[in-house]
Amino acid sequence: MRAAVKNLRSLFANLPPLRGLLPIVLLLVFWQLVQPGPSPYFPGPVQWWHATLRLSDRGHLAAAFLSTASSLLVGLALAIVIGAVLGVLIGASRRLSRALDPLLEFLRAIPPPAIVPVAGLLIGYNEGMKLVVVVLAALWPILLNCAAAVRRIDPLVLEVARSFRLSRWETMWRITAPSVVPSLLTGIRIAIPLTIILVLLVEMLTSLPGIGALMIRAQRNFQSSEVYALLVMIGLFGFVVNDAFLVIEAAILRSWPPRMAAT
Amino acid sequence: MLMAREATIARFNFPGLLTIVVCAVIWELLVRGGVIQYAYFPAPSAIGVGLSELIASAAFWADVAHTLLAVLVGWLIAGVIGIALGVLMGMSPSVRNYLLASVEALRPMPGIAFVPVALLLFGFSLNTELVVIVLPALWPVVINTMGGIAGVHQRLFEVGATFRLPRARIVSKILIPAALPSILVGLRLSLTLSLVLAIVAEMVGNPTGLGYAVVRDQQALRPAQMFADVIFIGILGIVLNQLLVQMTSLLFPAATRALRTA
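Read top to bottom, the protein sequences are chains A and B.
Numbering-wise (my numbering), the first sequence opens with residue 945 and increments by one.
Numbering-wise (my numbering), the second sequence opens with residue 332 and increments by one.
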């Protein structure tokens, strides 16, 4: 508990000074003064707030956020498991990684949004397809980072494991897994913004329930203040998700590598 | 000369190529043999035919040209604004203090969220795509430029002062060259991001270009063409990235070493 408080405090200490938010505040105040009423293009920020209240009164908002957030979390969790396992396996064998390298590099080079129509045609538009797309987008950074981390393990350390006659499983658990974790975390950090984009894209393209669908519907009905309100909320959502992960990452890395009892 | 060629051949990843070929052959056999009985799952040969048809059609190259235009213009705008902002924030601590929190608040904004706003303001147009590309592609350049400039050794700054160089000359002759490796890293990240966002903007925003081509071929139930579009987009990404790396190694050989390791 105390460690958690300490982590939070050190994170706040690393935050940029809050007076740096002044430009955004000034922009919003200026915006409100120039355009206080509703407008098809630039409704004032107070109108955004009213639109937020209207949306949440209709009960759309909570359900949409829940749906988007759950696709994101489930997809990310699946990608972490699949990516870490495949990454470690591929990285552990020099031959395997050399053989698969060009294929993986090419698959990674395809911008993930381009897979969405392909998945739509093959799977159809449903929640499962949303998950598949998120997993595929998040998989490459996680997998490639894990494989690279395994390849970077000092051969000497593996020699030590061999001279202690550790079994393959023990070597995996005591040496490989702890060495991979920092890179795994980096991979997840890179994957998160991509997964947010992909979830929203699927929702916008297919009107599967979620914030993306809500936003594109508001735009099609020319509800400009709702569009801006949702933009702000998506921005906050992205900020919270990214920063929550930074806190988790810092907390894990602070006590990494873990001390294991000698058994 | 001969030795250099032998080294290239030795370094060439034959197992890697073989893996791709074997995967394609297995895929082909599975589809031909009727193991995968799925109406919309084309065999690699059908995708190859689709790709050759695409390359022969003028409409496809118009799509490619449109996407490239959007990517390059968006990337250039993001690069120019990003470098300017990054230099200011890197040089002056007070500018940094009054801006950094805003940058950090806007940076995690998913680019796709700008699509509906841009559509509201600009309708179906290149401007819509540019809004969606520039706003997110800005941040890698800003952050990396700022970091590079702030990391320039104080002594270099003092050298400039000793020579009584005006501030603009210090920036152009000392700071930017010293920060070039990290600026290039930012520009490279931003180029990859620009392509992703152009595809997104064309899929849900402005219906033209390669992003829309994928959606159109999907809706028209032309799976072979759709797969070919996706593969072409992947190749385009690799080519753009390689062009940037080759160009920077020609123009700034010293700074490129940092780019390769990034």
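Treat the hints with care, as some may be off.
[Said to hold, decoys possible] A short, non-exhaustive set of chain B residues, derived as facing chain A with CB atoms under 8 Å:
#: 1; residue: L348
#: 2; residue: I351
#: 3; residue: V352
#: 4; residue: P424
#: 5; residue: L452
#: 6; residue: G454
#: 7; residue: S456
#: 8; residue: V531
#: 9; residue: Q549
#: 10; residue: A551
#: 11; residue: M557
#: 12; residue: Q573
#: 13; residue: L574
[Stated by the list, open to error] Chain B is nowhere near these chain A residues, computed Cβ spacing over 12 Å in every case:
#: 14; residue: I1026
#: 15; residue: V1032
#: 16; residue: A1058
[Claimed, not checked] Chain B is faced by these chain A residues, among others (derived, beta-carbon under 8 Å):
#: 17; residue: P961
#: 18; residue: I1160
#: 19; residue: V1171
#: 20; residue: V1191
Worth flagging that the hints you see were computed from the coordinates, not collected in a lab.
Positions of the beta carbon are idealized from the N, C-alpha and C atoms, including for glycine.
- Task: State the violated hints by number, sorted upward, taking the hints as numbered earlier in the document.
- Result: Checked against the structure, the hints that fail are numbers 3, 4, 6, 7, 10, 12, 13, 16, 20, while the rest are satisfied.
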